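Number of protein chains: 2
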Amino acid sequence: MISAHVFIATSLDGYIARADGDIGWLLQRDDPTEDHGYRDFIADKDAIVMGRGSFEKVLDFDPWPYDRPVLVLSRQLAPTPVPAALQDKVRFCDATPQQVLAELEAQGVRRVYVDGGQVVQSFIRAGLVEDMVLTTVPVLIGAGRPLFGALPRDLDLQLLASRSFPSGLVQSTYRFAR
Amino acid sequence: MISAHVFIATSLDGYIARADGDIGWLLQRDDPTEDHGYRDFIADKDAIVMGRGSFEKVLDFDPWPYDRPVLVLSRQLAPTPVPAALQDKVRFCDATPQQVLAELEAQGVRRVYVDGGQVVQSFIRAGLVEDMVLTTVPVLIGAGRPLFGALPRDLDLQLLASRSFPSGLVQSTYRFAR
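Keeping their order, the protein sequence lines are chains H and X. Terminal number for the first sequence in the working numbering: 285, no gaps in between. Terminal number for the second sequence in the working numbering: 285, no gaps in between.
FYI, nobody ran anything at the bench for these hints, they're computed from the structure. Keep in mind that this is a model prediction, so the values were computed, not measured. Even glycine gets a Cβ: it sits at the ideal position worked out from N, Cα and C. Please note that the accuracy of each hint is not assured.
If the Cβ cut is set under 10 Å, some of the chain H residues that face chain X in the computed set are [unchecked claim]:
1. Pro-139
2. Thr-140
3. His-143
4. Leu-184
5. Leu-258
6. Ser-274
Cβ-Cβ distance ranges computed for the label pairs, FRET-style [what the hints assert, rightly or not]:
7. H:Gln-206 x X:Gly-144: 14 to 24 Å
8. H:Gln-135 x X:Asp-174: 36 to 46 Å
9. H:Arg-270 x X:Leu-258: 22 to 32 Å
10. X:Pro-186 x H:Gly-234: 24 to 34 Å
11. X:Asp-142 x H:Arg-270: 17 to 27 Å
12. X:Ala-284 x H:Arg-270: 20 to 30 Å
So that you can see chain H by itself, here it is in the shape it has in the complex:
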């Protein structure tokens, strides 16, 4: 069975980025001497699913940071060509979370890293996220792109672990109740 997993950071008021996509407030509070567990998290993931916002943010990084296949879920990008340098690394796709997981499962993928606000929201809403590592940055930014969105019903979570870092990050791992 394929499963989807989230590893994401928000401001204390729940934003993953400012309204214009800026994550400078996040990067400038990242203490590179602390191990926040991303390497451990990504180690057993076979593929990455993200939205257009995350993809365009990652495009700013050089070199391309992922050594796993990346699927970009975007109605807007789906009919456009993938940049030449990323042809063997990235695919654009317009599909529902269910369709994406079914397709990846047919390709042998078992564990998917789901990233980006809209995409994470759509996977949560569809009940398709297995667990979530949520890192809270000790700053209030007042407005922006929220991690969470509207839901058809309450969703219970089980806290699996919680830890804090000297920099003030609080990282909690939740499993979604079935």
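Take the given structure of chain H and dock chain X to it, following the hints.
Chain X only, in chain H's frame:
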């Protein structure tokens, strides 16, 4: 010097109540065998400031739960009489956070518990909150009254402590940077 302190719980998606004020989702996840520290928190507070929403919620409780003077900040309630049973316990007031703290300080109050979404937001926006104990309940409710609101600028916080409970609550204590 007088100081203002927050002790509050939110859903994982940052709501203190549903849009209609309902906090059943919160109460039903409260494990009475766990000590979440409210008694310790309130022990050194001399007065409580809250908004109309919190006041009306507390009115449902019987008996009245507070043994400290309560100031209800509400333009709507300010011109109305306090219910007879609460005459010596509650005062209605329409004032800014600065005015409220100045008035309470003149009365000898040193440490104020600030409660309720709108009132906490207005104290935070005015830079008047000293520290905040934030308890996160492991549920997503999708919509409601958010704890945090718009801000004129980013506000940094210092994490003082963080702990989790078997019930899945994560409680983090922050000090607002000056």
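Structure-based check of each hint:
| no. | hint | result |
| --- | --- | --- |
| 1 | Pro-139 | violated, 18 Å |
| 2 | Thr-140 | violated, 16 Å |
| 3 | His-143 | violated, 14 Å |
| 4 | Leu-184 | violated, 28 Å |
| 5 | Leu-258 | holds, 3 Å |
| 6 | Ser-274 | holds, 8 Å |
| 7 | H:Gln-206 x X:Gly-144: 14 to 24 Å | violated, 46 Å |
| 8 | H:Gln-135 x X:Asp-174: 36 to 46 Å | holds, 45 Å |
| 9 | H:Arg-270 x X:Leu-258: 22 to 32 Å | holds, 28 Å |
| 10 | X:Pro-186 x H:Gly-234: 24 to 34 Å | violated, 49 Å |
| 11 | X:Asp-142 x H:Arg-270: 17 to 27 Å | holds, 21 Å |
| 12 | X:Ala-284 x H:Arg-270: 20 to 30 Å | holds, 22 Å |
Going down the numbered hints, you'll see the structure goes against 1, 2, 3, 4, 7, 10, while the others check out.
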